[in-house]
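Residue numbers (this note's numbering), protein chains in the order written: chain V, -7 to 399; chain S, -7 to 399; chain U, 38 to 414; chain G, 38 to 414.
In case anyone wonders, no lab produced these hints; they're calculated from the structure. Any given hint could be a false lead.
To be verified - Distance windows between CB atoms, simulated: (1) 218/S x 395/V: 38 to 48 Å; (2) 265/U x -2/S: 34 to 44 Å; (3) 127/S x 271/V: 47 to 57 Å.
Said to hold, decoys possible - According to the in silico footprint, chain G covers these stretches of chain V (three or more CB under 8 Å from chain G): (4) 261 to 275; (5) 278 to 292; (6) 307 to 320.
Quantities reported herein were computed from a predicted structural model and do not represent experimental measurements. Glycine included, C-beta positions come from ideal geometry on N, C-alpha and C.
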Amino acid sequence: MDLTYPATAEEFRQRVQSLIAENVPPGFTGTGALERAERDKFARRWRRTLAEHNLLAVSWPAEYGGGGLSPIEQVVLSEELARAGLPHGSESDMFGIQLIGNTLTVWGTEEQKQHFLPRILSGEDVWCQGYSEPEAGSDLASLRTRAVLHDGEWVINGSKIWTSAAQFANWIFVLCRTDPDAAKHKGISLLLVPMDQPGIEVRPIVNMLGEAIFNEVFFTDARTSAANVVGPVNNGWTVAMTLLGFERGASATTDAIRFEAGLERLFALAREHDRHRDPHIREQLAWCHGRVEVMRSRGYQALTRFLRGDNPGAEAAITKIMWSEYFQRETELAMEILGPEALTPDGRGANGAIAMPDPGTANTSRAWVESALTARSATIYAGSSQVQRNIIGEQLLGLPKEPRVTR
Amino acid sequence: MDLTYPATAEEFRQRVQSLIAENVPPGFTGTGALERAERDKFARRWRRTLAEHNLLAVSWPAEYGGGGLSPIEQVVLSEELARAGLPHGSESDMFGIQLIGNTLTVWGTEEQKQHFLPRILSGEDVWCQGYSEPEAGSDLASLRTRAVLHDGEWVINGSKIWTSAAQFANWIFVLCRTDPDAAKHKGISLLLVPMDQPGIEVRPIVNMLGEAIFNEVFFTDARTSAANVVGPVNNGWTVAMTLLGFERGASATTDAIRFEAGLERLFALAREHDRHRDPHIREQLAWCHGRVEVMRSRGYQALTRFLRGDNPGAEAAITKIMWSEYFQRETELAMEILGPEALTPDGRGANGAIAMPDPGTANTSRAWVESALTARSATIYAGSSQVQRNIIGEQLLGLPKEPRVTR
Amino acid sequence: MDFALSTEQEDFRVAIRRFVDERSPLSAVREAVQTDAGHDTGLWSRMSQDLGLPGLLIPEKVGGSGATMVDAAMVAEELGRGLVPSPYFATVALGVVPLLATVPSGIGAGVQADVLTEVAAGGCTLTTAMTEPRAANSLAPVSLRATATGGRTTLTGRKIQVIDGHTADKVIVVAVSAEAESRYGFYLVDGDAEGLTRTKVETLDLTRPMAHLELDGVPTTRLGEPMSWSEVERVLDRSATLLAAEMVGGLEGAMTLAVEYAKVRHQFERPIGSFQAIKHRCAEMAVELDAARAASLHAAYLASTDDPGLATAAPVALATAAAGFAFAASWDIQIHGGIGFTWEHDAHLYYRRAKADEVLFGSPRQNWLALADRLGI
Amino acid sequence: MDFALSTEQEDFRVAIRRFVDERSPLSAVREAVQTDAGHDTGLWSRMSQDLGLPGLLIPEKVGGSGATMVDAAMVAEELGRGLVPSPYFATVALGVVPLLATVPSGIGAGVQADVLTEVAAGGCTLTTAMTEPRAANSLAPVSLRATATGGRTTLTGRKIQVIDGHTADKVIVVAVSAEAESRYGFYLVDGDAEGLTRTKVETLDLTRPMAHLELDGVPTTRLGEPMSWSEVERVLDRSATLLAAEMVGGLEGAMTLAVEYAKVRHQFERPIGSFQAIKHRCAEMAVELDAARAASLHAAYLASTDDPGLATAAPVALATAAAGFAFAASWDIQIHGGIGFTWEHDAHLYYRRAKADEVLFGSPRQNWLALADRLGI
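Construct all of the structure, not just a fragment, from the sequences and the given hints.
Below, the structure is given as structure tokens:
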């Protein structure tokens, strides 16, 4: 047991720190400090800088434009970006690089890799994700969107929901039912579909803050080449599970860094409102610190597994529950510290963050109220807390499943 | 809406108060203040006094020795006994008078009423209850104890569990399966069985405090006359539901009186330990007061229904959840007030109370630790909190049941 | 001995409930909150003219219906259930209540009688301005002071988060009395008085508009005699009782949304309400609703009989209802899953109301601590 | 960068776990607690002689195995899992830890070296006497004062709730130093010293015996120099780390009982573990176990590297483990239903341990408040 980083990693860390120092203005506290338009402009420039230094798709093989960084270097990069309050690419890179890109490195054909991967890095292709469906909800496998092969093309009909960043994307990866007669988890395929076609319509969904963060995507005889299937046809469930299972080992320790920064803001809020002497508030703030430290220690454990090449298991469900429920409790504490000030939110907001707002976000009543509202969704998206508890109970503890329903 | 009692009820209240004043020593704070042996002696004498004044089986018709009190008089009696810290009869009277006695007034034959009811009042017959079974647990209807008619007698085999006061009883009312081929809730009968026979064995169950409060009762070819069935044969489930449903309307307002007395003890405990200035403790104590007040208001509502002759519904499930979870939280607060003192319990104990200890109980670390341990069972016995939530969800809110299991 | 609504009261409740369901469905609520007033003024006309709601607590002698706090609470509950944005709460709980509490001796005379007559006739809305910037957590959070010069009393200062403050015809300002530092008064101000600037502000609760008020030498009349802060609190306890009732309604509204959805939404081939993770949370909402309603009804009853027990019953009702409402509104979102956090779904309207109501008259924790003080723990 | 037990450590853990399962099943625990000692002295011989557990933290130079706090914590976890009553916790956490912390300069010399040598050889058990009657909640809860007269130091006063206080061969008494009011010392006393009366008392936790001690002019030696209370706390943080590890084990033990029962117990024609009301509580236990183990392991790691971060990591580990253990032990009873609250079932043994551990080194709330102080919030 040893929490120190190897010397080579520390050298790499210094290189990253230098790169950051050269590219952010003095006194930069994080992208949250920028107004939205300014932030977007800054983020685009910063993405180019990362790309130029081969720091964007760090886990891809170098032959496809990846960074070819060692695991520990990937971790160090993530940590330094998190500490500096900088994003690791654009919002869409989560889907393009982390999800479909990584998946293609495992399941893609050579043609797919050579075609798609460089276009993701260059920004020519911008991706979004078509997984959830309105009727399916937490029961992902009950999806209804169908794809039929016709004249060398998949013809797709149905709809997908909770698709973030669809308005910026020109490609979408879509889970479709390709064999309607197969059992629920069989007969599903993962298709790559160009969005610039008449058969696809994107409608924004406005969240409870009034922000159009998500979209519903409608497919009406939408088409894509027969070759644009990832992995074997009708084997999409397995592919999808690989994709969902991409434990971002590199970011194992960065959740705690981000939450720590958020908690520092909360400490400051308590002091500004002179509530930091109230024992009840102190107790809650200390609990928050404790939970962040637990997330940090769990991050070290995840990191150790990542560096050893071990697969994450049901721990991912524990991680999801822990951060989402922490986020709710932390933001409710913020509401309690604000007291009546929360009634009339004031100042700059949280800039549409869907979880912890970006580092540097203003310490205003509006930003915290927005975070508190947003936090309600954290226990719903990406697998509700109820589904996570089923996973932990059944997969980790071996408890029996719900009985099959008689119809 | 009017919470005042009619003048006639207030006159009756004064008569009860006088009777109490004549029969308790000066400065009496409740039976909890007496050592156990002394308490039992006092309770026997007090039961005789109540019986002499026709105040024991107040809801039975006068022709069977009942008190023939009006509903509001029953309430007033219960209230005054609760305030004085006095029991309404012996522990076994719960089973003899409240449960099987009341059930017989509804379902009993004339012979059964004339035979059994007076013997309950005189103390000649002492009853206990044979309902739960080891394998059945919360799923009461899955009981396995069987009774077969043979030569004019029921022959009973099986076992019952959680039978309190069985060691004092000479009769037991037993739910038995009398038609093994009928559906789960059918084919059950309620039998009255004498305990003084070789086919019945009583084994004490020691609870987590080390007290033998409950028993397991084993039936091996135990016998009772064919006439000793309550209501129609194979209709025992309906009879049992009547019996379990005896909302003790008369005691609707006394739960709050008892909990209030317990809470006063807790206030005193906090002061004695100088913890009453701690805002966290103050907040919790105030919450307890609020919950007791809610129980009081709900008691008024139950009382109003009782006086109107309305049936209680799923509210009973709410009542059970409310008092049992209050009791747990209150006693955990006591543990928190005691702090490290709870580590080595000291002083007089709670005298084996299975819920709130009797009024007058010593304000010692031992008494509160015992209550805190006891409180863990309160959310289990008489229908666990999980079963109560099912009842509320399904019966009050109309939510769908669990699916039937496919086998 | 009877702790239940009378048949007449039940009938009245059903009528109000039907009125809310028909005239103010949540789709209409969404439209109303977009208006300048923040409520549907046509709806309010019907509520005040046809149903006589603002006059409920007002004695018959000055044109009201002389009903009790129990009746007024019942109406609050139904309006809360439907999140109806209307001047009812501000006018009755924050207006009529202090007016009645400060009547010098018998009704019939004085400024109170005039205003109450106007309110009962349906032509006047009221509110109270209490909160001051960054002061809300202390014991007597009012420092704005009335000034008396040459027989003329004026108010200068700032009040924030005044419910319906931008539309109320008359505003009652809680201020330190001009006479003595530790005495307070309810000061009546005209909504269009010179020197009064009212700015509608963005609110967490979209269905309860608020305004910040700037007062610069605004002429005013004190209602009744100066009083101690604890006397002010006795008046606010009555207002709080109506807020508690509103929250009980909100709790029921949120619970109903959740329960109905849990019955019809299917996941894993079953209605989600058949899963205990959902069913038991709904059952807990029902337990909390039952508790909150019992506490709220009891407080209203004590208020209706001028029972001093209200001083402890009011914080119990507030804290119980607030905690239950927040619980139900949070779980309502969770049970709805994805659509629960969209703008177009009504779950967030209840959640916003719940979180706002939770601090409007002090947080549950503050109320429990106040209760501890009042109980002399 | 490696935050996991090494292969050797995992092997050692498995060996200890097997030892506990084989030599100290809960049936044996029940017998052991009936004895005068409150533990199985034969078992302790094996633990000390064969396994060398008391010598884990002791440097090799004085006969120990020179292992780390991580190893000692791992053992504590396994013993906690089985509720093994043994002098391990008192001897190591309350004895060896302060002895090592007060060594003047290098080991090898002084009374510490002598005692540690004896402990490592397996012939000596230790404990610390800290608590005084009705003083446990204040900041520096020790007022018993050492007296120095004519080159002879003695202790007179009362200490309560001393773990294994009736059997420990040597007792370390925390006392105000004879030299200065605000300085404290760890004072070593022989278990059979004249003037020392030790009375075993009834305990909430049946598996952790305690005694009250009366000291009447008991001769003593101070370990190391007088220190400030916060220096005392730094020592106790190390002891606390081992208590946290024990609680993690207890949490796992209680969870395992609950989970295994939920798999086999049937109600309503299904294993009860298939109901979400049960399954989700078990899942929450697993989440809390994961959190508690992460916090405990981190604290042990910091202790092993003498990292000052232990001052904040120790209260996190204590409070996290205590809350998780109490949660798991309560729900273990509930999930077992009726048999869960019988004497013969083991659920209450875990519950009693959990509730006792929860206050042994301060309640979770007190630890969070202490943490807030240490963080400078």
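Q | Cβ distance range 34 to 44 Å for residue 265/U and residue -2/S, holds or violated | A | Between residue 265/U and residue -2/S, where Cβ atoms are some 39 Å apart, the hint holds.
Q: Examine the region 278 to 292 of chain V: at least three residues should have C-beta closer than 8 Å to a C-beta of chain G.
A: Since three or more residues must qualify, the claim that chain G covers the region 278 to 292 of chain V holds, with 11 doing so at under 8 Å.
Q. Do the beta carbons of residue 218/S and residue 395/V sit within 38 to 48 Å of each other?
A. 41 Å, holds
Q: Mind taking a look at whether chain G covers the region 261 to 275 of chain V? Criterion is 3 or more residues with CB to CB distance under 8 Å.
A: holds (count 5)
Q | Whether chain G covers the region 307 to 320 of chain V (at least 3 residues having a Cβ closer than 8 Å to its Cβ atoms) | A | Since 4 is at least three, the answer is holds.
Q: Just tell me: holds or violated, for the beta carbon distance of residue 127/S and residue 271/V against 47 to 57 Å?
A: 49 Å, holds
Checked against the numbered hints above, the structure breaks none of them.
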